[in-house]
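> Protein sequences appear in the order of chains P and H.
At position 8 of the first sequence (counting the first as 1) the number is 8 in the numbering used here, and the numbers step up by one without a gap.
At position 77 of the second sequence (counting the first as 1) the number is 77 in the numbering used here, and the numbers step up by one without a gap.
Rather than coming from a laboratory, the hints here were simulated on the basis of the structure.
Ideal Cβ positions, reconstructed from N, Cα and C, are used throughout, including at glycine.
Don't take every hint at face value.
The calculated lysine-lysine pairs, modelled on DSSO-like cross-linking and capped at a C-alpha distance of 27 Å, are [claimed, not checked]: (1) Lys227/H / Lys286/P; (2) Lys188/P / Lys153/P; (3) Lys85/H / Lys286/P; (4) Lys227/P / Lys187/P; (5) Lys188/P / Lys90/P; (6) Lys187/P / Lys273/P.
Cβ-Cβ distance ranges computed for the label pairs, FRET-style [stated by the list, open to error]: (7) Pro45/P / Glu277/H: 42 to 52 Å; (8) Asn2/P / Glu277/H: 48 to 58 Å; (9) Val247/H / Ile4/P: 21 to 31 Å; (10) Pro45/P / Glu258/H: 34 to 44 Å; (11) Glu258/H / Ser217/P: 26 to 36 Å; (12) Ser68/P / Glu86/H: 56 to 66 Å; (13) Asn165/P / Lys195/H: 34 to 44 Å.
Take a look at the letters that make up each chain.
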Amino acid sequence: MNKIPNRQVICDTLLDLARDDRDIMVLASDSRGSAAMAPFANTFPEQFVEVGIAEQNIVGMSAGLAHSGKKPFVTSPACFLSMRSIEQVKVDVAYSRTNVKLIGISGGISYGALGMSHHSVQDIAVARAIPGLAIILPADRHETKKLTEALVKYNGGVYVRIGRNPVEDVYESDDYSFEIGKAVTLKKGTELTIIGTGETVRIALDAANALADEGVSARVLNMHTIKPLDKEAILMAARETGRIITVEEHSIHGGLGAAVAEVVVQNHPVPIKILGIPDEPAIAGKTAEVFEHYGITQQNIKQIALDMIGKAGTV
Amino acid sequence: MDIQELKVKAAQIRMELLTIIHRAQTGHTGGSLSNTDILTALYYDVMNIDPARPQWEDRDRFIASKGHSVESLWCVLADLGFFPKEELETYSQFGTRLIGHPNNKVPGIEMNTGALGHGLPISVGMALAAKRDNRPYRVFCLMGDGEQAEGSNWEAAMAGSHYKLDNLVGIIDRNRLQISGSTEEVMGLEPLEEKWAAFGWNVVAVDGNDIEQLLQAFHAVPEASGKPTLIMANTIKGKGVSFAENVPAWHHHVLNDEELKLALAELQGTIQQLTQEGQVH
Ligand SMILES: Cc1ncc(C[n+]2csc(CCOP(=O)(O)OP(=O)(O)O)c2C)c(N)n1
Numbered sequence: 001m002n003k004i005p006n007r008q009v010i011c012d013t014l015l016d017l018a019r020d021d022r023d024i025m026v027l028a029s030d031s032r033g034s035a036a037m038a039p040f041a042n043t044f045p046e047q048f049v050e051v052g053i054a055e056q057n058i059v060g061m062s063a064g065l066a067h068s069g070k071k072p073f074v075t076s077p078a079c080f081l082s083m084r085s086i087e088q089v090k091v092d093v094a095y096s097r098t099n100v101k102l103i104g105i106s107g108g109i110s111y112g113a114l115g116m117s118h119h120s121v122q123d124i125a126v127a128r129a130i131p132g133l134a135i136i137l138p139a140d141r142h143e144t145k146k147l148t149e150a151l152v153k154y155n156g157g158v159y160v161r162i163g164r165n166p167v168e169d170v171y172e173s174d175d176y177s178f179e180i181g182k183a184v185t186l187k188k189g190t191e192l193t194i195i196g197t198g199e200t201v202r203i204a205l206d207a208a209n210a211l212a213d214e215g216v217s218a219r220v221l222n223m224h225t226i227k228p229l230d231k232e233a234i235l236m237a238a239r240e241t242g243r244i245i246t247v248e249e250h251s252i253h254g255g256l257g258a259a260v261a262e263v264v265v266q267n268h269p270v271p272i273k274i275l276g277i278p279d280e281p282a283i284a285g286k287t288a289e290v291f292e293h294y295g296i297t298q299q300n301i302k303q304i305a306l307d308m309i310g311k312a313g314t315v
Numbered sequence: 001m002d003i004q005e006l007k008v009k010a011a012q013i014r015m016e017l018l019t020i021i022h023r024a025q026t027g028h029t030g031g032s033l034s035n036t037d038i039l040t041a042l043y044y045d046v047m048n049i050d051p052a053r054p055q056w057e058d059r060d061r062f063i064a065s066k067g068h069s070v071e072s073l074w075c076v077l078a079d080l081g082f083f084p085k086e087e088l089e090t091y092s093q094f095g096t097r098l099i100g101h102p103n104n105k106v107p108g109i110e111m112n113t114g115a116l117g118h119g120l121p122i123s124v125g126m127a128l129a130a131k132r133d134n135r136p137y138r139v140f141c142l143m144g145d146g147e148q149a150e151g152s153n154w155e156a157a158m159a160g161s162h163y164k165l166d167n168l169v170g171i172i173d174r175n176r177l178q179i180s181g182s183t184e185e186v187m188g189l190e191p192l193e194e195k196w197a198a199f200g201w202n203v204v205a206v207d208g209n210d211i212e213q214l215l216q217a218f219h220a221v222p223e224a225s226g227k228p229t230l231i232m233a234n235t236i237k238g239k240g241v242s243f244a245e246n247v248p249a250w251h252h253h254v255l256n257d258e259e260l261k262l263a264l265a266e267l268q269g270t271i272q273q274l275t276q277e278g279q280v281h
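Generate coordinates for the entire structure from the input sequences, incorporating the hints supplied.
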């Protein structure tokens, strides 16, 4: 089991890159610990900015830094970064096209028993509605490394969401092709497609493997970029497999499932099942308990898949 | 309760909150310990409340803007009978309503807080409603000092004095620490009292771990009519547990078995000493 959380990978990668790129800056809002950015703060104090508990200010300041040629990475809990400062994100980052990377850490229901104020399950919906803002959720530590490298080269506003705890690897190494905006086919399949994003990709893959044991051929897409969305991959899945299940650590409203459904229903309608957090303040508990409660599990995905293809009862 | 009894109560609340944090292996230990004396003064002496009628219209309102320090609040509310004491055992467990922040499914909690910088604007609204409706209740809002970096507090500070809310009491738990270290290193706040005064508030500084001083300050409100009051409660983060005092990591440090034992023993000693002093007087 992997022990390295994605937030640590971001710090390690930025530590590597910042040595040669003095424009890379990391900002924190009393969050350098939760973002695992203390090593960066200690190594490159001149490239680190602490703003205190002030999420509107951190985004506005970053836009100003970016305007002056810096490459700011804002690292702050996803719940506050995505919502508290959303107007700054809309106007100062997206509308003004500043080169700000917003790294939302401990997203989804990472902060289980801390309650709705600390859950970030509306962030994708909100961010999706902002024109020009890219939205990316890496699946594991390897993808997080590749993403961080890509972000330094990418010029524009990006919202990245990662969780708090280490996740099981999806990839064996970082030796694969990662491109912002391009879904990765993790498993070929013909009968249905399971699409995950971020840390639910592992669950999607496990479900597909369990389905394979039942003789069902499920395709798995890692939709790391929710915006700009890889419509081609989605439509190919709709045409070739006829059924889609989406899995996300987000409200069922406005997230990955909604984005996929918008594309599918307007181009090649096929049945879609959207798995996520229902329209309620999520129940308190650890990630595994909450996922179990809402059926964000490989067993439930498998059951839904069997129902969709009319093989119910074989479980 | 007399002062001695209130001090004993505060020590008991501290023991209880350490116990639930230890059991759940999660919680905000330092900030809960620092504000326990403030809660004890308010809930056991100052505020006009009735645990049997949590929705009583004229009750004083308490808003924990620093919602992460909920453990002291859960222990106080349970002790006063707002909900059964056994329920404390569910703190932070799957499906509980006693989550890691104030949650108004629980009797005694007015509003859900946890995102910092929300409490004071809410409190201004409540105090304004009392004025408009000619009701006698007061609103007490407990904030963190690190929390002062959120601009929303200052927007509310302006509104509080603009509307002359002398039924509004802001309290800052001035323990001088936040998560990443000292407040003055992370984002300097001083001169903090002058800032509040400049925003039109009546500012009173006290030792926020001294129940006697807290009671005096709370009972003197409003000292100036037509002005909201800001109580600068100078406290020690981790107060009451010597090895946790002023240690930043104890913000959300969870105690191991050994630390719990030591901490409880120390607080037990404090209670014993207070009881002896009480008998002498
Ligand atoms: C809007 C918002 N940003 C960040 C946080 C995360 N957070 C929780 S507690 C805390 C530090 C609070 O420090 P302070 O206000 O001084 O409280 P205390 O030291 O009394 O615990 C932070 C940054 C939050 N709860 N809300």
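> What hints, given by number in increasing order, does this structure fail?
1, 2, 5 and 11
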